[in-house]
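Given the sequences, and given the hints that come with them, work out the whole structure.
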Amino acid sequence: MVNFVGAGPGAKDLVTIRAYKLIASAGIIIYAGSLVNPELLGYAGSGCQFYNSAEMTLEEVINVMADGSRKGIEVVRLHTGDPCIYGAIREQMDKLDALGIPYTYCPGVSSFCGAAASLNLEYTLPGVSQSVIITRMEGRTPVPEKESIESFAAHNASMVLFLSAGMAGELSHKLISGGYPGDTPAVIVYKATWEDEEKYICTIETLEETAKKHNITRMALIIIGDVLAPARYNRSELYNPYFTTGYREAVKKE
1 MVNFVGAGPG
11 AKDLVTIRAY
21 KLIASAGIII
31 YAGSLVNPEL
41 LGYAGSGCQF
51 YNSAEMTLEE
61 VINVMADGSR
71 KGIEVVRLHT
81 GDPCIYGAIR
91 EQMDKLDALG
101 IPYTYCPGVS
111 SFCGAAASLN
121 LEYTLPGVSQ
131 SVIITRMEGR
141 TPVPEKESIE
151 SFAAHNASMV
161 LFLSAGMAGE
171 LSHKLISGGY
181 PGDTPAVIVY
191 KATWEDEEKY
201 ICTIETLEET
211 AKKHNITRMA
221 LIIIGDVLAP
231 ARYNRSELYN
241 PYFTTGYREA
251 VKKE
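As numbered in our numbering, residues 1 to 254 make up the sequence shown, in order.
Some hints could be false.
What the hints assert, rightly or not - Pairs of lysine-lysine residues, derived as DSS-like cross-links and limited to a Cα-Cα distance of at most 25 Å, are as follows:
no., residue 1, residue 2
1, K213, K252
2, K212, K199
3, K213, K12
4, K213, K199
5, K95, K71
Hints are computed from structural coordinates only; laboratory data are not their basis.
Here the structure is a predicted model, which means the values were calculated and not measured.
Given below as structure tokens:
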């Protein structure tokens, strides 16, 4: 069996119980290089074999999985955060399907959640933003034209950008061109939840300056939106005493 496992955002105790058990029982672990906290590998048994996928091609990863499967060894493919976000898992699963190798998928805590926890942030404040856009700048991997930064910026919703810290200047220009005011709050979170986490509050206009000042080019999230510094927001209706839910009746106003 091959088990795709979310390693969480970085802190070694931010993995699920299921993930911990899968890591502990694995005979082979293929982990996502420097993106995965090496302390997580300490949960594995003494005879476990480790492979750093940063040094491997897709074909080499699949070969290790297939070899382990033939030998009856439990294989863990350890991805950073939750594998469903920029994890390149679909192509691996398709290869395993073609080979008839079974697999499971254990979700993890995404770094965009870890960053929010570090900032005590709620992405969906009533009256400010009720949507979270998770996207990235175009690099070697293209982004569909209809998913341009400018088109998303027009909504002025909360936005989380992966894989974009090294292009902060271009990102800033696209965000403003799309419709965000230049003074919209922003924050750069480097290695969210790791022991060496760094976070820098700025604005869209000062994104590039801030990234350069602190020499941040990778392993960082950029968060954009008024939820970072709301002037005001609405109280949730769910906990409003004058709002009826499926579990309680509203209090009558006097």
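Hints, one by one, checked against the model:
1. For the proposed pair K213 and K252, the alpha carbon gap of about 56 Å is over 25 Å, so the pair is violated.
2. Between K212 and K199, the direct Cα distance comes to roughly 13 Å. Compliance with the 25 Å bound is thereby established for this hinted pair.
3. Among the hinted pairs, K213 with K12 is inconsistent with the structure: their alpha-carbon atoms are about 29 Å apart, more than 25 Å.
4. At most 25 Å may separate the alpha-carbon atoms for a hinted pair to count; K213 and K199 meet this at roughly 12 Å.
5. Of the pairs offered as hints, the one joining K95 and K71 holds, with about 18 Å between alpha carbons and a cut-off of 25 Å not exceeded.
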